[in-house]
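Asker: Read off the chains here:
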Amino acid sequence: MKVHVYEKAFLWVGGVMLVLFLGALTYASLAMGIQLPGKVAQLDPAEVRSQPPFSEPGLRQVGENEYEAVVLGQIWSFAPSELRIPLGAKVTFIATSADVIHGLHIEGTRVNVMLIPGQISKVTYTFDEPGEHLMICHEYCGSGHHLMYGKVIVE
Amino acid sequence: MSASVVYDPRPYRLPEGQLRVLTWSMYIAIAAMAAGMAHGLAQALSYGGIDVLQHFPGLKSYYQGLTVHGVANVLVLTFAFSNGFLPLLVSRAVSRPLNGPLLHATFWALLAGVVLTSYAVTSNQASVLYTAYAPLQAHWTYYLGLALVVVSTWLATANMSLTVRAWRREHPGERTPLLAFISVASYAMWVLASIPIAVSFLGFLLPWSLGWIERVDPLFNRTLFWFTGHPIVYAWLLPAYVSWYALIPRQVGGKLVSDTLTRGVFILFLLLSIPTGFHHQYTDPGISTKMKALHALMTFGVFYPSLATAFSVTASLEMGGRARGGGGLLGWIRKLPWGDPSVAAQLLAMLTFVLGGITGLINASYTVNQVVHNTAWIPGHFHMTVGSAVFLTIIGVTYWAVPYLTGKKLWAPKLAALQPWVYSIGLFIFARGLISGGLQGMPRRTFMAQATYTGEGWELAGALTAIGGSIMTVSILMFFLVIGMTWLVGKQGEAPTDIPISEALSPPATAGWTTKLDRLGWWVVAAIVLIVIAYGPFFLTYSMNMVSPGFRIF
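As they're listed, the protein sequences go chains A and B.
Numbering-wise (the numbering used here), the first sequence opens with residue 1 and increments by one.
Numbering-wise (the numbering used here), the second sequence opens with residue 1 and increments by one.
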């Protein structure tokens, strides 16, 4: 098969570019530790309100400067609707949904995870700057979807 | 094995009865475009803080309108168009009629599907958006209707395959004509890709909606959705690529660069489009990060045939531009037949798609996805892919297809040639709004005009979205005016009498290994192997968690 020399060059440049991008992503996820949510555990959404950890949503300290934030998404609010986080805290969000699929996006950070009934979502983030962030449900969850939000205050 | 190459110069025309069925399929597409567009305007204005929903009779909520917008534009418009367009090209490429009963079955399955889905959506019993994520539960007619739309595409594929097979039997040892091969390959990919959504709808969501089963597993069905949901974008895109590769070179006076490379590109899409769906689920719980990484790699792989397309199609255009007297490094661009509305629409489709492709690669970028996932960035991205590359190509093809099919001259071609410019300018403003809003945390799929929260920079982002969306709407109204007037007052007998099929600069090989490319069956098997590698580990290790009853909260 004959391929024109310009075309060959173009495809090589494109290929090398894609490999470089993949290299950068590998570096970000392995060396810098930026991880995606993965497999945690399953549960029954009918029982989330009566069983720990989701029976007591909120922030609790688990180590020196380490915290767990238990968040429950439900139509159409977050429990708790406000999280006050000490500056510099490393927070592991443990979250799920009590009903339909919701989203949890803390605007301005990379805390961006789906809350799916029957699944536990887990994501860790260190809050290094003081300020106030919106905590938005960013997945359509019924007629009141645009009313569902909370706040994260780093102080 | 040696093979001779046949180029049939006689313009074959399908029997009028068959042509009429394909034409009506395209009319369904145009009707869907009208429904989808009207709601699109309301959504763009909502981003700008303007709520016009109360002026839509019968509309219960923003999300009902958003469901209409998505279902009409990306599920009905795209497939109704392709159900007409691809079989038309196949029959012309091999100069044979289609299978009559299958042709009618395709049309009626599509129409029945559209009627059922429309009932569910217009009665506000299916405001679940086009993604239909369980446990939001739609009326059963929604699932059955969309399943019938999918079945219609299967019937169209069977029809095209039978037509090509009959040709191959009569022409042993000859290469399948390129246009027929890439048309069938496009839908063959889709048939394979659509099986998971059929399993989800018919096996779980339909019986659940009817009350036959009480609970379903949300993550499992969501995974089946995206198993189909990524390759579906290629099912929208490949018919546009068919036009760019095989028709546009002829329309601009150039040639298709390489027959073999073109077949190779479509085969790569068949192989790589499907094992990539987890990149829509990067932020989902319950899926291992290793599998997400594998799908990221595959997604970068499927970018490759699009890169090859960018080169090949541009080279065809340059050939055309230079043949028309264009000189210098870029002078050929100006000499392209921009006055031909069909060409102008598709050139702008390609141009806007460059940004669509780049933003798509950003979405697929594993960790970077956490910045943009489910923000307004995402609709900003896909209005520059399906909303431009595909949409403007459908419009561009319609500009020659309606005259070809009806025998009537296109009305006001100058207005028609201006229309895609208006659309593209509107699109850039619109997408600039959504893209910047998304980077500042503005969510997608949200009734912003009545949201109880707002963020920094959202006002400007929303205003740009509303302005851009309004300009896009004006452009689509121009399109409807042109097509409507063509029907009403178009001059009979001054229309193109043939489909613009391009010749290849490097014609198909008649000997050697490349002749084996035509064996689509082998490639389908190879595609299945890749799918098993990409999805096997998830489905083998996943334990079903059927915990969710239906929620009808819209």
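Hints are computed from structural coordinates only; laboratory data are not their basis.
Don't take each hint at face value.
Just so you have them, the derived chain B footprint on chain A, three or more residues with Cβ under 8 Å [to be verified]:
id	segment
1	6-19
2	28-41
3	50-64
4	78-85
5	144-155
C-beta atoms are modelled at their ideal positions from N, C-alpha and C, and glycine is treated no differently.
Asker: All the hints need checking, so say for each whether the structure fits it.
Answerer: The hints, checked one at a time:
1. 6-19: holds (count 7)
2. 28-41: Coverage by chain B holds for the segment 28-41 of chain A (9 residues, Cβ < 8 Å).
3. 50-64: violated (count 0)
4. 78-85: violated (count 0)
5. 144-155: Coverage by chain B holds here, the residue count being 5 at a Cβ distance below 8 Å.
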